[in-house]
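Starting from the structure of chain A, add chain B where the hints point.
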Amino acid sequence: MNQIKDFYNNLGSEILRLSIQHLELTLIAMVIAILIAVPLGIIIAKTKTRIIQSATLSSISMVQTIPSLALIAFVMIIFKAAGLHTIGFFPGITALVVYALLPIVRNTYTGISQVEPSTIEVAKSMGMTKTQILFRVELPLSIPVIMAGIKISTTWTIGLATLVSLIGAGGLGDLIFSGIRNVRESYIIAGAVPAAVMALIAEWLLGKIELSLTPDGIQDEALHSNKKPRFLTPQRKLVLVGIGFAVLVAFLTFRMLPSSHKKGIVPGFEAEFIARPDGLPGLYKKYNFKFNKKPKHLDTGLMYKACETGSIDVIDGFSTDGRIPAFGLVALKDDKKFFPPYYATPLVRENTLKKFPELRSVIASLAGKISETDMQKMNYSVSREKDPIDPKQAAKRFLIEKGLISVDSEPGDGSAGIVAVGCKDYTEQSIIGQMLSILIEYNTDLKVDRKLNLGGTMICFNALTNGDLDLYVDYTGTVLMSILKKPPVSSPEKAFNISHSNLKEKYRILMTEPLGFNNTYTLTVRKGFSKKYNVKTISDLVKLVQKKKN
Amino acid sequence: MPASQLLGNDTNDDCSGTLLKFDNVSKIFPNGFKAVDNLNLEVKRGETLVLLGTSGSGKTTTMKMVNRLIEPTSGKIYLNNEDISICDPIELRRKIGYAIQHIGLFPHMTIAENIAVVPKLLKWSKRQISDRVDELLDLVNLPPKEYRNRYPSQLSGGQKQRVGVIRALATDPSVILMDEPFGALDPITREQLQNEFLELESEIKKTILFVTHDIYEAVKMGDRIVLLDEGKIQQLATPQKLVENPASEFVEQFLGRHRFQLSLYTKKLKHLNIELQDGTPPEKKSDNHLTMRSSLIETMDAFKVNKRKELPVYSSKKILGFLKRSILLDTITEVLHTV
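Quick mapping for you: the protein sequence lines, in order, are chains A and B.
Mapping the first sequence onto this note's numbering, position 104 (from 1) lands on 104, and the numbers just tick up by one.
Mapping the second sequence onto this note's numbering, position 34 (from 1) lands on 34, and the numbers just tick up by one.
For reference, chain B alone in the conformation it holds in the complex:
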């Protein structure tokens, strides 16, 4: 497969260079299992790169090599153009945020102490730590007064996971590694946290390496997706490209029957030739208003919630025009035929 096709060319505009680079990286475990096979990958500054694959595909191994929980058998990994194998692993890890499925909050520490672990290791001042803890708790809508002195066992699963995520953000690290961070949650809480995180992420603009086996989560969270199998990259593309132009039979099989549903997530209004009409604006801009960046599924959702025959499409505060429900349904039918 030619490299150009593999890498995809539709990249995010605000990516101003490579932050993390895998250079011919392989990992063979002592038992002979080849988890990662000659991987070449560049993670751009500010993007969320999803490592997607089934178990055993090498996605977690790839991620754990970044903070040297696992050492590669061959090849080099560069963070900010520095070869990480030369760095002190302890210092390296303190610069990298880490959130995992099991959350791994320390049960004997309060929420505040849990968040403060790395700042403390970096010897921040007390004042600095306390301010940062409050700021982070506010960020995920856990009122600091109420939550900072609680213990993990007094929190719900979703609250714990929020703490797990903000703990990874505590020192404002340049890279955050997330290993199925929402994997252990129930579907409703998971979706809620995904949405919260997307919002959070749009504010903080972090470089995130996100591991998941859930294609919907990958499509939802990722700026780009790397589909891995047997330690090799099967396709590296934006969610839309991955869904619409599978690079190989394997990718097609991996997407399987989900392709139509997935394309409802990846197709946005701006990608489709949709006619907008004139109409009368509602008195109030609704919460889930449409923009040209809204996906088909979000658009359908908006119609379901608002129960109107037409809805305004905004560009920031300006109304571009009105989308008729019948036109939306026609468009969806077209999509159904193309995939």
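Next comes chain A alone, as it looks inside the complex:
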């Protein structure tokens, strides 16, 4: 309980820290985007070849049509091909910059090309050079349009910056995703509200900057208020703003550089692991240590790859995860027995069981049937790079092997009713979800509505309580701590009993007998890393971390 309190006490400073990080991401991305987009817009406005204009504009527009998550993935692929770190600050910034380009390029192009040709002709005939025409006539007259583009793209970037949290670039997305995966609405709000406020403030501030950069002569307000010319002419202001940005970027870059080049052990964990009392905070207490570097926040899907490629040294893994053997990683022994038990257990609505009593025996038939090795094998068969099979195939193969369905049997006719089966969005859950679905289809006349790959515990459990799902499989530890917000319990039986009775009383949900395997957290490292530093247990790792600190 204390651990939870600690975290909440920390939330205030956490919001501030992540907001600053979010601001840094946005600001650096915007400065780089402006430095690229404005000159690009000028060049395409100046070029007389129409093909170059339309080709540039449409290729930038095309980037915009890529869904933002896919763009982030695309940037990772390119970074990998270039031999760079695929996660963290730089790929994050790159994705943001690429996305921010279009409105600025398009508006700069529009702004420059809308200047009256007669104005340009006069400027030319007065003996202005091309550069003078650009800086003294075209750019000042285009400022309102260019600034409008910058405004749009800044608000976009603030939004998109929450997504780059998925590749460990930090920012308020850390809180939002932590909230989604961790059944904590307060975290989602704590992340989303500052991001929204930031967007509003940015919009307002940029409006002010726009107003002060726009020459009075093309500003209605200034024209009506017969103002004296100001000392800070738009040109002078532009220079000041430019210098300000340059100083800021230099400052921020210096801030970023040491942390990204510091030697040491780089940890990268899922949001859930970082936040859960039975995850990192508890681990720190039990083993009495702390990583020198703030752990990077990583999406589960990316974490193993990042560890394999070496951009991350330590990740949280699950004991049954097929990717541990598949990616050449090794789980460290929990020598102080810190991680609590996580036995996979089907959760079923009591109402569903009343309606379809035949389900009870079908679900019970799977109890204790899946060992950790079974699960690891199945996970591996799905996640391996060389001819993987899909989760449905893996599930069916296993059921046949165990004699739970026969090779030549047929599914029922689906006439008895519909059961909604859910699962979370990772391999093991997909396999188990499919396995339960197949088992029901082959042994009853119920039709299964598969609602697979739901985004996290909160979504699954809420769906179960409000009847959108009839059953899904969760883990005793997760039920106990994430759903019921109870302190960790190390005895598997006790954990099951507390969860079982609470779910029954509070939610009218039945927790049936566990499936057999314990999918608990492990700290996972590369095999090479383990050999090089002779790290076999978590205590070994703690020693290594402390050695590196000194």
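Think of the hints as simulated: they come from the structure by calculation, not from any bench.
It is possible that some hints are incorrect.
[To be verified] Just a few of them, taken from the derived set where beta-carbon distance is under 8 Å, the chain A residues facing chain B:
hint, residue
1, S118
2, M126
3, M128
These figures come from a predicted structure and were not determined experimentally.
Positions of the beta carbon are idealized from the N, C-alpha and C atoms, including for glycine.
Just chain B, lined up with the frame of chain A:
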């Protein structure tokens, strides 16, 4: 047509040589359109030469070749005996004043900044620039205190055009190019600005190349008129010669039914054998008093305004004699018969 007839021999006395010279200049655009066809032309120092013609006659192209906004396909243009194709176009343009129909004031700059563009490019001192701006604004009756910090959008069309004209004068350039500078104004403002400019011009004595399609404006503004068609000179003459002795059928057609009215502008009292009588001088010399250089139309105007039967004709401050209204009307009737 013999060259002597083309060029005309009635030139202004104070023209002491050629400032601008077109030597066999042609311009063929990439689409094959021949805008200017083997043009030979000399612009004398201090004169206002009007390039007159319909659209497509090559008048604007001719003008834009002077500051190299357009490069000739063949031939040479000399400014002060220097081949301009050798000059740096940027420096050349800074030496040439330019005013156009669209005015082209920079909307983001104040009036003072607009006028100061070329002086600034030439790196004049601040003091020098500010003095010059005030001087020019005074010249067109726009009080500097009130106008220098205004923006173009706060000015009327006529005021903007005045600024456009004085901007062309800012660095006291030897040549000023004007492309229908009064074209976008309403008739009343246009006439007012034309008159102001004539007055201004008589003070500053600039060499001006003035493009227009309006024959009345050409007659009013020009010391000499070049009538262009299809890129060729149809006639080069003083306004009076052009109106009274059209060199070809084309010129006659171009003048058309305007010839009588135009001759009222071009015929001045000194050109006509007008008898002046004795009379009693008025107490005060009126504003639009007559001189021997007054045109017939101005004379008629003076009679209309003063509502008298006779008016004094001055030579500077001395009265030469009195012109009777009846004699004026007879003279006009004679003119009507001759054209």
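For this session: Run the structure past the numbered hints and jot down the numbers of the failing ones, going up.
Result: The structure conflicts with no hint, since it agrees with every one listed earlier.
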